[in-house]
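Number of protein chains: 2
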Amino acid sequence: MKAIGVYQGTDIKSQEFTTADVAQPVPTNLDVLVKINAVSVNPVDTKVRQTTKQRSLKVLGYDAVGTVEALGEQVTDFTVGDRVFYAGSNQRAGSNQEYQLVDSRIIAKAPTKLVDEDAAAMPLTTLTAAELLFEKFNNPFEKDANEGKTVLIINGAGGVGSSAIQLAKWSGFRVIATASRTETVEWVEKMGADQVINHHHDLIKQLPDDLNQIDDIMILNRTESYFATAAKLVAPLGHVGSIVESSQPLPLGLLKDKAASFDWEFMFTKPKYGVKEASQGQLLTKIAALLDSGDIISTRTKTLSNINANNLKKGHQIVESGKMLGKLVIDGPFTD
Amino acid sequence: MKAIGVYQGTDIKSQEFTTADVAQPVPTNLDVLVKINAVSVNPVDTKVRQTTKQRSLKVLGYDAVGTVEALGEQVTDFTVGDRVFYAGSNQRAGSNQEYQLVDSRIIAKAPTKLVDEDAAAMPLTTLTAAELLFEKFNNPFEKDANEGKTVLIINGAGGVGSSAIQLAKWSGFRVIATASRTETVEWVEKMGADQVINHHHDLIKQLPDDLNQIDDIMILNRTESYFATAAKLVAPLGHVGSIVESSQPLPLGLLKDKAASFDWEFMFTKPKYGVKEASQGQLLTKIAALLDSGDIISTRTKTLSNINANNLKKGHQIVESGKMLGKLVIDGPFTD
Numbered sequence: 001m002k003a004i005g006v007y008q009g010t011d012i013k014s015q016e017f018t019t020a021d022v023a024q025p026v027p028t029n030l031d032v033l034v035k036i037n038a039v040s041v042n043p044v045d046t047k048v049r050q051t052t053k054q055r056s057l058k059v060l061g062y063d064a065v066g067t068v069e070a071l072g073e074q075v076t077d078f079t080v081g082d083r084v085f086y087a088g089s090n091q092r093a094g095s096n097q098e099y100q101l102v103d104s105r106i107i108a109k110a111p112t113k114l115v116d117e118d119a120a121a122m123p124l125t126t127l128t129a130a131e132l133l134f135e136k137f138n139n140p141f142e143k144d145a146n147e148g149k150t151v152l153i154i155n156g157a158g159g160v161g162s163s164a165i166q167l168a169k170w171s172g173f174r175v176i177a178t179a180s181r182t183e184t185v186e187w188v189e190k191m192g193a194d195q196v197i198n199h200h201h202d203l204i205k206q207l208p209d210d211l212n213q214i215d216d217i218m219i220l221n222r223t224e225s226y227f228a229t230a231a232k233l234v235a236p237l238g239h240v241g242s243i244v245e246s247s248q249p250l251p252l253g254l255l256k257d258k259a260a261s262f263d264w265e266f267m268f269t270k271p272k273y274g275v276k277e278a279s280q281g282q283l284l285t286k287i288a289a290l291l292d293s294g295d296i297i298s299t300r301t302k303t304l305s306n307i308n309a310n311n312l313k314k315g316h317q318i319v320e321s322g323k324m325l326g327k328l329v330i331d332g333p334f335t336d
Numbered sequence: 001m002k003a004i005g006v007y008q009g010t011d012i013k014s015q016e017f018t019t020a021d022v023a024q025p026v027p028t029n030l031d032v033l034v035k036i037n038a039v040s041v042n043p044v045d046t047k048v049r050q051t052t053k054q055r056s057l058k059v060l061g062y063d064a065v066g067t068v069e070a071l072g073e074q075v076t077d078f079t080v081g082d083r084v085f086y087a088g089s090n091q092r093a094g095s096n097q098e099y100q101l102v103d104s105r106i107i108a109k110a111p112t113k114l115v116d117e118d119a120a121a122m123p124l125t126t127l128t129a130a131e132l133l134f135e136k137f138n139n140p141f142e143k144d145a146n147e148g149k150t151v152l153i154i155n156g157a158g159g160v161g162s163s164a165i166q167l168a169k170w171s172g173f174r175v176i177a178t179a180s181r182t183e184t185v186e187w188v189e190k191m192g193a194d195q196v197i198n199h200h201h202d203l204i205k206q207l208p209d210d211l212n213q214i215d216d217i218m219i220l221n222r223t224e225s226y227f228a229t230a231a232k233l234v235a236p237l238g239h240v241g242s243i244v245e246s247s248q249p250l251p252l253g254l255l256k257d258k259a260a261s262f263d264w265e266f267m268f269t270k271p272k273y274g275v276k277e278a279s280q281g282q283l284l285t286k287i288a289a290l291l292d293s294g295d296i297i298s299t300r301t302k303t304l305s306n307i308n309a310n311n312l313k314k315g316h317q318i319v320e321s322g323k324m325l326g327k328l329v330i331d332g333p334f335t336d
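Those protein sequences? They're chains X and B, same order as listed.
Numbering-wise, full-length UniProt numbering puts 271 at position 271 of the first sequence, and it's gapless, one number per residue.
Numbering-wise, full-length UniProt numbering puts 311 at position 311 of the second sequence, and it's gapless, one number per residue.
One or more of the hints may lead you astray.
With a Cα cut of at most 25 Å, we get these calculated BS3-like pairs of lysine-lysine [as the list claims (entries may be wrong)]:
1. X:Lys-314 <-> X:Lys-53
2. X:Lys-276 <-> B:Lys-232
3. X:Lys-149 <-> B:Lys-276
4. B:Lys-47 <-> X:Lys-256
5. X:Lys-47 <-> B:Lys-272
6. X:Lys-323 <-> X:Lys-169
7. X:Lys-276 <-> B:Lys-143
8. B:Lys-272 <-> X:Lys-149
Honestly, the hints are just simulated from the structure, not real lab data.
For reference, chain X alone in the conformation it holds in the complex:
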């Protein structure tokens, strides 16, 4: 079977993806073997590509939609032929190969009303948004259950931001999101933001007049640049969360008087450390239902046809530009 990857990490300009012919793996225990139909490229894919030290072929890719082809002997929740979607694990070979092994606890049946390329856009970003908004910030993952609360989403137009806006709005939050370009402003409004403010200008001055504090704040870009502002804005007992590591120590003391919390979200913590894996399968099942009901929509904005080294390179280049709006998907089949 075909597996596509890279050797060690360098800048995309001088780094080529390579297609290798490798043996098809066999699932054991809780794993399933999935035949990959479509994948997406996330910013984290490009970081892994740049920094991998692996001398053998490093097969990248997290998000995938595919069909279950074989089951490990402990798998009870899925059967051969099930169409599934997932974000996978950063501890194993990725989704940029024809057949992939994945732990059945972190996958779910794919939304039945979405085509592969729409479904493939969603798992990693929506899981990240859901874990931060509902698990870390301790809000109910239920329709309209957060009415009366406000969330600020800094960098609303990226993949995680686009999913976060939709989940927050559906669950009842008043949603303030940031964007800076005409097309990103329009996009975050389409995702459901109640107000859009520009993250290149003073966020506090741009807030609506009736709003002087915010219950939950998601920092989805340059944590060190927005931390102090978030600390000023967050409500007493509120939460500030981030998915982007800070390049420097943070003045955490700014949150003390308000007894506020700071939460890191990292979607791969559960599969990496082997904790609460099944919660990811459960979250994805809820996400699939919301996609099927139309309560949230796919954030796919770009599609490349055929999964091959060329398109992976192209996809990485686009995502690496940092200007992506929503998600980029590469649709199967695998070609040379």
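We have chain X; now place chain B onto it with these hints.
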């Protein structure tokens, strides 16, 4: 009536407490007027004394036990004659006066089986411990409900630590606490710690062999000194919390890979910002029941008899030494 306080803040050696004769206040709205029977001295009292800029008499004191003497017109939960206890608010005149106004939402009926001096020791520290352990760390406040989880309490012998050990043990945690002197080690064992380790030595090396990560970590002293160790020890998705402001920015990124959270606890946030005040009355009601059932015991270790300027100065000197084990209480009546 007598009110005891200080003018501006300085070191206790050159600072005198003054007794003044002031008008007895009248409760309105949700306030009750309480006749004070006993108070305790907390470390935060000494910080407020040192740093106050108030030119008029600053009446200190948070913890109190007393009798309701009069009711604001909106009070429905209490009647005249009720014996109550509370930690009060840092926004109002304190408990070091014969009669004090306090918001009825943040008080509770005092434990009936405890004498005044035992009950007075408990509110501020036990509320702090309960808010951090149950609200911030998101654990159930129920007997045995946290079995299988582990908590590390750094500085277990102080007031908050002593209450935290007891609440954690009662609610099912395996409790590791730190102490460094023979008498503090014995004390934290008496409070219920399963293991005691010395915070002057490497905490990680002293952990029991079967323990390499800890779900929840409470830093109750020098946050900057213990943060990096806590980050190493905390379990994936775990919580590190503190009640002591850091003198420097903290390397928060150490928690990123484990998607862990950092929570500040500050008991006065609720009354100061006017959020969730009633939750403090409810927590204190549960704490009173635990004291009455003997599931937790008073942490009082020292008592001074008669509330007056002399004893307040003495109490502050003892607490300010930083060597206190458990709590210091000053028992009424008020004298010159």
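Outcome of the hint check:
Straight-line distance between C-alpha atoms of Lys-314 (chain X) and Lys-53 (chain X) comes to about 22 Å, which keeps the hinted pair within the 25 Å bound. Distance restraint check for Lys-276 (chain X) and Lys-232 (chain B): the Cα-Cα separation of roughly 20 Å lies within the 25 Å cut-off, and the hinted pair is therefore satisfied. Proposed proximity of Lys-149 (chain X) and Lys-276 (chain B) is supported: the alpha carbons are some 14 Å apart, at most 25 Å. Taken as a hint, the Lys-47 (chain B) and Lys-256 (chain X) pair is honoured in the structure, with Cα atoms around 16 Å apart against an allowance of 25 Å.
Distance hint between Lys-47 (chain X) and Lys-272 (chain B) is unfulfilled; the C-alpha atoms sit about 44 Å from each other, more than 25 Å. Taken as a hint, the Lys-323 (chain X) and Lys-169 (chain X) pair is honoured in the structure, with Cα atoms around 24 Å apart against an allowance of 25 Å. With a C-alpha separation of about 24 Å, the suggested pairing of Lys-276 (chain X) with Lys-143 (chain B) holds against the 25 Å cut-off. This hinted pair checks out: Lys-272 (chain B) and Lys-149 (chain X) have alpha carbons roughly 20 Å apart, not beyond 25 Å.
Checked against the numbered hints above, the structure violates only hint 5.
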